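A.B. asks: Given next are the chains, with one letter for each unit.
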Amino acid sequence: MISNLLIPAVLFFVIGFFAQVIRSDLKFPADLAKALSIYLLLGIGLHGGMELAKADFGSAVDAVVAALALGFLMPLLAYVILRWLGRIDALNSSAIAAHYGSVSAGTFLTALAFLEVQNIEHETYPIIMLAIMESPAIIIGLLLAKFSRGPQVQNGNDTGAKGHSVMGELLRDAFTNGSVILLLGAILVGVLATPASLKKVLPFYDGIFMGVLSLFLLEMGMEAAKRIGEFRKVGIFLVGFGIAMPLIGGTIGLLVGHSMLGFSVGGVTLVAVLAASASYIAVPPAMRLAIPEANPSFYLTLSLGVTFPFNVIFGIPLYYEMAQWLAA
Amino acid sequence: MISNLLIPAVLFFVIGFFAQVIRSDLKFPADLAKALSIYLLLGIGLHGGMELAKADFGSAVDAVVAALALGFLMPLLAYVILRWLGRIDALNSSAIAAHYGSVSAGTFLTALAFLEVQNIEHETYPIIMLAIMESPAIIIGLLLAKFSRGPQVQNGNDTGAKGHSVMGELLRDAFTNGSVILLLGAILVGVLATPASLKKVLPFYDGIFMGVLSLFLLEMGMEAAKRIGEFRKVGIFLVGFGIAMPLIGGTIGLLVGHSMLGFSVGGVTLVAVLAASASYIAVPPAMRLAIPEANPSFYLTLSLGVTFPFNVIFGIPLYYEMAQWLAA
Amino acid sequence: MISNLLIPAVLFFVIGFFAQVIRSDLKFPADLAKALSIYLLLGIGLHGGMELAKADFGSAVDAVVAALALGFLMPLLAYVILRWLGRIDALNSSAIAAHYGSVSAGTFLTALAFLEVQNIEHETYPIIMLAIMESPAIIIGLLLAKFSRGPQVQNGNDTGAKGHSVMGELLRDAFTNGSVILLLGAILVGVLATPASLKKVLPFYDGIFMGVLSLFLLEMGMEAAKRIGEFRKVGIFLVGFGIAMPLIGGTIGLLVGHSMLGFSVGGVTLVAVLAASASYIAVPPAMRLAIPEANPSFYLTLSLGVTFPFNVIFGIPLYYEMAQWLAA
Amino acid sequence: MVKLVSEKLIRIIAAAELESQLVDLSKRRSVSGYTVVDARGAGASGIQPGLMDIDSNILFLMVVPPGQFDEVMEDLAKIMRRGHHMMVLVSDIEVMRRKNVVTDKPSV
Amino acid sequence: MVKLVSEKLIRIIAAAELESQLVDLSKRRSVSGYTVVDARGAGASGIQPGLMDIDSNILFLMVVPPGQFDEVMEDLAKIMRRGHHMMVLVSDIEVMRRKNVVTDKPSV
Amino acid sequence: MVKLVSEKLIRIIAAAELESQLVDLSKRRSVSGYTVVDARGAGASGIQPGLMDIDSNILFLMVVPPGQFDEVMEDLAKIMRRGHHMMVLVSDIEVMRRKNVVTDKPSV
Ligand SMILES: Nc1ncnc2c1ncn2[C@@H]1O[C@H](COP(=O)(O)O)[C@@H](O)[C@H]1O
Ligand SMILES: Nc1ncnc2c1ncn2[C@@H]1O[C@H](COP(=O)(O)O)[C@@H](O)[C@H]1O
Ligand SMILES: Nc1ncnc2c1ncn2[C@@H]1O[C@H](COP(=O)(O)O)[C@@H](O)[C@H]1O
Ligand code: NA
Ligand code: NA
Ligand code: NA
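Protein chains in written order, with the working numbering: chain W, 1 to 328; chain D, 1 to 328; chain V, 1 to 328; chain U, 1 to 108; chain X, 1 to 108; chain E, 1 to 108.
Bound-form chain W, shown alone (with noise of 0.2 angstroms):
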């Protein structure tokens, strides 16, 4: 963990977070904050993209089964121990639950940087099931809240202003979400244009990526540390569930990894981060659309508040020893 904690990343999260428990009257400009998401995605994305296209096609099939089975499985753990352990009503349950089937990019980079700091072999195919995992576990969240709504609800509100299915929209929008687009967008650049045309552009998306990253991440330090006068509002239970579930993620996404995939120890610890993190970015608005009855504040404090500082803090480290505890 030590080691975890001198990365500049990490470093530059403590910061952020530090300066808003001491109320400092430090700001993060907004376009800034949503120019470096864009970035990082479209970082990643062209990375994930130039390794897939010298990918092996069965092993790549694999990861993508494994991210879809994670996507579709993750949140319906986290829903049966919302309702039943925590008693937590069925819309809010449904929405949180979404946001545990999904990742959380900034942890998935900061592990990034974490291996590779440390010259941690890892395979790239994570990278694909990042891209893959947000639609399942929105589509996920979608049918738990229609679940719990019942079916006389459907009729009456189930229809748009357009009057065709709200449904097949919200759906629609599981697909065509901004980090969604960016991201399978980017891969599809790796992909598609030449050797040549994208080494004009990597020292963009690729020479200057760690330093942008750890900037990102003295953002979401901040961010994280906003939240945390929400934990009253939110209850002890779920503050506890914000921890609790990237434990049984990140084992469950351990054994996928080493025994489903047979990665090396870098690329368990990735998908470890991968069951471990909770999404901050396409699951929230597709939640916001889908189950507007559901509190924001409870969601959006357990993945930026607890779930993300502990992932970066304590997570990764824990989840690499345990990956080299499998592998030996």
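A portion of the hints provided could be inaccurate.
Claimed, not checked - Estimated spans, in silico, between C-beta atoms of each pair: (1) V/VAL21 / D/PHE72: 26 to 36 angstroms; (2) V/MET260 / E/LEU4: 29 to 39 angstroms; (3) V/PHE147 / X/GLU71: 40 to 50 angstroms; (4) X/GLU71 / V/GLU169: 19 to 29 angstroms; (5) W/VAL21 / V/PHE147: 27 to 37 angstroms; (6) V/MET260 / W/LYS233: 25 to 35 angstroms; (7) V/ILE120 / W/VAL64: 21 to 31 angstroms; (8) D/LEU192 / V/SER264: 26 to 36 angstroms; (9) W/LYS233 / V/PHE314: 52 to 62 angstroms; (10) V/PHE314 / D/ASP62: 55 to 65 angstroms; (11) X/ARG28 / V/ILE228: 40 to 50 angstroms.
Please keep in mind that the hints were generated in silico from the structure rather than gathered at the bench. This structure is a prediction, so every number in the text was calculated from the model and none was measured. Ideal Cβ positions, reconstructed from N, Cα and C, are used throughout, including at glycine.
Fit chains D, V, U, X and E with the ligands to the given chain W structure using the hints.
C.D. replies: Quick look at chains D, V, U, X and E with the ligands alone, frame taken from chain W:
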């Protein structure tokens, strides 16, 4: 054309366009978009200035004369087509025509990327032409509008709030436009600064340039697609004009580049792009202030929604092939 | 001075200034401007931290002591001049004085660029001094204001809405200012992070640094020129003060750097810049909160509109020449 | 003196995700246009610091003539009934539009 | 027709530095929320071009029921009396909130 | 209770290019200040997505005492008569300014 489509910049343009067409919720932060424009103008200007410093004076003068000629003649040609063929009213015709006398920096840069990726040599004078062509186009637009308003309106309306001539003020605006200042300023820096000091700033203005350009084209793709909804308002004649005019301009540019300037295939392609493209930088604000009666929806839709995508996808590779054919 | 004017950073400053003076419609996106500030503070801090990690402890302590001395004494000197020579009221004098105890990061970075372009060696302690000088200046400003308000006001006004001491809260603000956190935080990262992990972020924080700085100075040129309109409001004495004070401060800084710290010509120049420049980062917000009765137009015009341009254009080469003369 | 027309100003504070629905609404109801400003804030549904697309608000402005007012409000209520958090502020306003000051026919 | 409730809209134009004090005020007085928009401008205390944290303004919006109005205004006056430059604009407003259109109990 | 003064709030929605003309107008008519917010939108003159300088709107706010109101409106009408698209919204407003709450002479 295939090779053109495999450049990241063009692929990103397509992705941005596509995202908007499928109504993705992808958002591009406003200040990032504006920052990219500033950066690209400074980068291209700096590059141009450094080349100008070692340029041959005679050839530079030739290029400037050609740029002025294109800047003055293209709008006149466009005006005649709009008025007599399209029966568009005089003020809207003036405003639209002015755009075609000027240049789209984004199209020009995409053409540069297109050439560089294929290692095609090109003269650097077109960069200087780019900086020069905004102002004449604006002046012609002003004169056309003045002419179409007739003499009596001049007396009643042509005096600004401060009492002095509105015409003079508008001319001043044409030369003090922010983008023109950035471009000319950066050229000046490229010419004046010591080589040692320029070397320090090149990793930023040159090293990551092509990558930043690709991000900019993602935004321009979204921007172009947003304008499609205005096609009905603009009408079929104008949409057709937005495709025909670059073809006419491109042909004229090819001839100017080949016969008058004697450029290589790469250089001729760039001159064709200068003539074929329509400004979305300095001319629109000048027209909004100078011909407020004209509908911005017309000229912005044509420039950003029709001519820009046409040139990026079809025009550039076409002009290049024609340049090769001319050279052969 | 000529060599100074041929650095891109300074040339860009002149262009930004000029654009504003001729009333160009050039706009600088707000969030880009703020992003540049954040980036530059992190970059300079990281650089400073990495140097500090290999620094000699004794010399570092000397530099810190010198910084504290300058930070405390310069505002007192400024206050005396403003009160007795300029007959400026006590609260405005306190607020203005505090700015001159602190440092302009932009001026400091321009001086760094000036030295680096000419391959002039310099000590790195001044970077640490930069981080330290904001806080003492703020404290002196607070004390001067407290002193001029007199005792009875303290009772009536000195308790904040939350009931505890306003003075304590303001002091807290002085140390938790966002820029101070960024600078100190980045220094910490530079000291703590492993060399291997720092190497990954340097292409961003170091490789493109000088280019980003030049873009920042473009904005600062606009910012400075915008303040010229306020000169009449500010009055001739204060405008003169904004030029005289950096000359006085620069001289003091030269002596401190040369005699007390024994720095090289490059290092002495930097200390002179520290003493000569006026804060536009941490001190203005602190003064706005602590001395709301003072007119921000006064201190911002002096810091951004007078002293900053004076130092960038004339001050830096002048202090450098004086440092050479001292060394000879 | 210039002629002013009485209209209704409808201001909607909502999560940024709702922007496209509000634009659609304005088109469906043939409102002459709309204006959007980026915002941040806090309320019952938590803090919206405005740093990411997922935690930003917008301030959406529509000026509508009295005749269109009821149907627009009904549409907004419908969105709220689906569960969406938003705040709708209504005020009376006097508007100066181009068509009321320009005597000759505008070209657009 | 939808039900509208009469409330007060308090708009504060101030230097960005005052944002946290205004947020604190809204919490202390249990206002249901607030909305902030970045702004620039000029006035007696100089130009605020909005390019740096130190020269930016904000537009701070609070909708308060008539019962809370006086105490919030008194707090704002207190800040002003400490010397702070700000402009407070008050207007009457009709508000449509979720609780007035949603009949069944909302889940949050 | 704090003292409020009745004034007029003039809000102008216009293309960003008009900002400098509006600033000039406010200076010429000695308005005490102005506030600007970046905006996007759509209307008869097309969409203004706000991504480039050429397709952005602004929301320009001026608070004017009743005495200055007519001349400012007349100037705005003049700009409109030159053909410029803008929307001018006027409302009555109660203002709390520093000079009304601070008893002792402010230092600026
Ligand atoms: N009393 C209020 N005054 C101003 N804005 C508010 C108020 N309450 C809520 N808001 C805004 O409306 C958004 C959604 O509110 P809520 O549904 O209460 O979470 C918040 O993020 C605020 O921007
Ligand atoms: N008459 C006005 N109309 C609109 N905004 C104003 C007016 N006067 C001042 N402001 C705003 O309030 C801020 C502070 O004003 P002042 O205290 O006069 O410097 C300015 O920066 C403007 O944004
Ligand atoms: N009904 C409306 N409500 C709110 N804003 C409007 C309305 N109509 C126009 N606007 C704004 O005014 C700008 C110019 O309008 P127009 O002149 O109709 O193109 C648009 O870009 C919108 O931001
Ligand atoms: Na997960
Ligand atoms: Na052209
Ligand atoms: Na100083």
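A.B. asks: Where does the structure disagree with the numbered hints, that is, which hint numbers, in rising order?
C.D. replies: The structure conflicts with hints 2, 3, 6, 7, 10, although it agrees with all the remaining ones.
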